[in-house]
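> The lines below spell out each chain.
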Amino acid sequence: MRVVRRTFQAGTMVVLAACAVMSCDVPPPQQTAREPILRYRMDAPPPNLDPVRANDNNSLFYIYQIFDGLVEFAPGTLDVQAAVAASWTISQDGKVYTFKLKEGLTFHNGMPVTADDVVYSLRRGLTKSTQSQKRDFLAPLDGSGPFWDGETGKLPGAAAPDSGTVVLTLTEPSPQFLTVLATEAGSIVPRRVYEDPEQTYLRQPVGCGPFTMASFEPDIAITLARFNDHWKTRPNDGGLDAIRVRFIRDASTALEEYRTGGIDFTYELPPGQRAQIQTEMPAHFHHGKQLWIMYLAFNHHAGPFAGNPTLRRAIAHAIDTDYIVRNLQEGKDWVATGVIPPGMPGHVEGEAPWRYDVARARALMVEAGYPEGRGLPPIDYLTNETQGFRRILDRLTSDLGAIGVKLNAREMDFGAFLGELTAQGGPRAPLWRMTWFADWPDPDNFLGLQFFTGAAGNYARYSNPVFDDLVARARRETDPAVRADLFRQADRVLMDDVALVPIYWYGSDILLRPEFAGWKHSPLGPYAIAWEEVYLDRDGSSG
Amino acid sequence: MTLLAFLSIELGPARRSLLARYVLAHGPHDEDRAVVSPPAPPDARHWLGTDVQRRDLLSRLLHGARISMQVGLGAEAIALALGVAVGALAGYRGGWVDAILMRVADVLLSLPLPILAMAAIAMFDTRSIVLIFVVLGLMGWAGIARLVRAQCMSVRSRGYPEAARALGAGGLRLIARHLLPAAFAPALVAATVGVAMNILTEAWLSFIGLGVQSHSVSWGRMIVDGQPELTVRPWLCVFPGIALAVTVMGFVLLADGLRDALDPKTRMATHTTSS
Chain A
17 MRVVRRTFQA GTMVVLAACA VMSCDVPPPQ QTAREPILRY RMDAPPPNLD PVRANDNNSL
77 FYIYQIFDGL VEFAPGTLDV QAAVAASWTI SQDGKVYTFK LKEGLTFHNG MPVTADDVVY
137 SLRRGLTKST QSQKRDFLAP LDGSGPFWDG ETGKLPGAAA PDSGTVVLTL TEPSPQFLTV
197 LATEAGSIVP RRVYEDPEQT YLRQPVGCGP FTMASFEPDI AITLARFNDH WKTRPNDGGL
257 DAIRVRFIRD ASTALEEYRT GGIDFTYELP PGQRAQIQTE MPAHFHHGKQ LWIMYLAFNH
317 HAGPFAGNPT LRRAIAHAID TDYIVRNLQE GKDWVATGVI PPGMPGHVEG EAPWRYDVAR
377 ARALMVEAGY PEGRGLPPID YLTNETQGFR RILDRLTSDL GAIGVKLNAR EMDFGAFLGE
437 LTAQGGPRAP LWRMTWFADW PDPDNFLGLQ FFTGAAGNYA RYSNPVFDDL VARARRETDP
497 AVRADLFRQA DRVLMDDVAL VPIYWYGSDI LLRPEFAGWK HSPLGPYAIA WEEVYLDRDG
557 SSG
Chain B
-16 MTLLAFLSIE LGPARRSLLA RYVLAHGPHD EDRAVVSPPA PPDARHWLGT DVQRRDLLSR
44 LLHGARISMQ VGLGAEAIAL ALGVAVGALA GYRGGWVDAI LMRVADVLLS LPLPILAMAA
104 IAMFDTRSIV LIFVVLGLMG WAGIARLVRA QCMSVRSRGY PEAARALGAG GLRLIARHLL
164 PAAFAPALVA ATVGVAMNIL TEAWLSFIGL GVQSHSVSWG RMIVDGQPEL TVRPWLCVFP
224 GIALAVTVMG FVLLADGLRD ALDPKTRMAT HTTSS
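These protein sequences, in sequence, are chains A and B.
Here the first sequence is numbered in my numbering, starting from 17 and rising by one per residue.
Here the second sequence is numbered in my numbering, starting from -16 and rising by one per residue.
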């Protein structure tokens, strides 16, 4: 016992000493004249710096800064504007796009940007051996299928008649094609660098975007330096000279680093602190919308929900989405009332087609043949395991339990979860949670890719001829207003059929020091903010 | 404290207690819809506050004790049974049997239990409490086996087992009546510490997302759920943390006490001092 007592005494001394050290005041950071450098926080290093492989937000941040395409999204909007292209024309039948390049543009290594580089870059996106993830993006190009399959080395859809002209030919009109070209799939790389078999470009990417890769310290930081020969004029007093990205995995640590002046930008605030941060730093806190949705997906091929819209509607009425958004998501997100998110053409404004109503849900359970859940086997529910989704699972378990539906949760890592969804023959579980974000910001990417009969992302194997017809017509439609309306109708068809239960559209919270001015939220998310437009407002004149 | 709380849930008569009435009033999964802005801090209605789903934290803490105890005791029961059997066999037989069994034990001892358990559990798609304590039990027997073996070998070298053999005692009788009683006390002490280690390992597995699956209440899971909000809503994380620390320390102290009580030398010294 004496040993234990001594251990206690020693332990107490250590704890007291630690408390004393921690309670000492931390000296404030030295105030020096600010250099125009943005200290950016990211949770982890980018998995990939190759634009054809990049598929995650961390990687895409670098892609958007380092590379330019023929066109780009105007800052803060989904409008497409010229980038490397000076101008373009579209043929009468909507199939041929002719781009004239700006003159005198160079890559970061000083090589000139030519039409041949543009064509090469698009061909890379359709080349299997590059491990490209952009096949779906560039599929409208004529001959993309045989080229991808390796049946031919020719891609008639992309041609460079001279060094300043690019001609892109589509198999059929695609009103969303310019939008696709404004994403990372349209990034232009210098052919001579990216043909290097050593693949040095994976660590030292070369583009013609507003920032160059200046240094890469693995697991510590990446510094992007301003590309002085970029075609855009610098904002106000010159804009940012550099962006120094530090990797700070934990959001709470990042917040403390922000508070003590170590970083200028962070996103993904730690849970439970949103309201406090808003009060504490109102001039630093910014909230935007993202083209993401989280929803509950039903298996339409097998299981109790297939062919039973009444049961699906009962589930929809039983879930308290307001509670989820207000309390679990702390008000960061929006209650989803459809599939197409706000800010995207085709979004339906207004109320949800159903409300949280337990009495109505119970009545529908009776109508569906499962009064108080009797006769309904426990429902296998798939989810990947994160803290946020575990909270959602707890909520669903409680809400559905109230109408007699018992969930048998199967939590798994993301790889296993994706494996279940893409399994041969489709997922076996009747219910799962799903997050979808815009690969390219077009309603077809949200509706067509997920719910069109036989579509690659239609894991639920939903099939509805009325919906398919609306989407098919929208795909052909060139009038933007008519096209948006067709997608709006298609969205309503999904809701009327309770093909899914939308839970929330994502928002994004960021903290950015108020002295940085000239920036705009990107609908794509914080990763796509046009930092080249941002400048340091030293005297606060920007307001 | 935790053990008492655990028993108060498990045993019928204890339901009349104040604690049990409280627990019955707030089930671990029951929502208190009167809570306006969850998670609610501790107050008279919810002594330890609520979580973000408006569930009473004290009730969940007490029910979480069940998982911790089940894992701690269940896993150690398996480890104890295996360890005693392997240790006794190795100590009694010696030779190549001893060599093989002890090399297996050495391999297990050379690997950290949590990492080993993590690798084993990660192979399974779903994670039940039975899986967790079976894995921990199967991984945790080596220390006890080594202890029992050493005791058996020590006793074997003395005269009385030889005498028993000369009187016709068989191997099983020799082990059960003469070797194991000598190994009982140290094995029990080691197993008691093992319970504490298992509870910690279960909490750690839950912390990294490999513990029992959702809807089971576990202290490790409560800690990981509350940890990001430690600075703003400390009650979510601190109370399960305290419960875990107190329980683990309780088992360590129990082991200490058992050792004092069962060790003849200590008993003799205490007796001599007191007289």
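I should point out that these hints are in silico values taken from the structure, not numbers from a laboratory.
Do not rely on the hints blindly, as some may be mistaken.
[Claimed, not checked] Estimated spans, in silico, between C-beta atoms of each pair: (1) A/Ala418 with B/Met101: 31 to 39 Å; (2) A/Gln97 with B/Ile98: 50 to 58 Å; (3) A/Val498 with B/Val113: 54 to 62 Å; (4) A/Glu365 with B/Trp30: 31 to 39 Å; (5) B/Ala105 with A/Glu233: 49 to 57 Å.
Remember, it's a predicted structure, so these values are computed and weren't measured experimentally.
Idealized CB from N, CA, C, for every residue including glycine.
> Would you say the C-beta atoms of B/Ala105 and A/Glu233 sit inside 49 to 57 Å of each other?
Once the Cβ atoms are compared, 31 Å apart, the range 49 to 57 Å for A/Glu233 and B/Ala105 is violated.
> Do the Cβ positions of A/Glu365 and B/Trp30 conform to the proposed distance bound of 31 to 39 Å?
violated, 46 Å
> Does the hinted range 31 to 39 Å hold for A/Ala418 and B/Met101 at CB?
holds, 36 Å
> Within 54 to 62 Å: is that where the Cβ-Cβ distance between A/Val498 and B/Val113 falls?
60 Å Cβ-Cβ, so the 54 to 62 Å window holds.
> Holds or violated: 50 to 58 Å for the Cβ distance of A/Gln97 and B/Ile98?
holds, 53 Å
In summary, the numbered hints that this structure violates are 4, 5.
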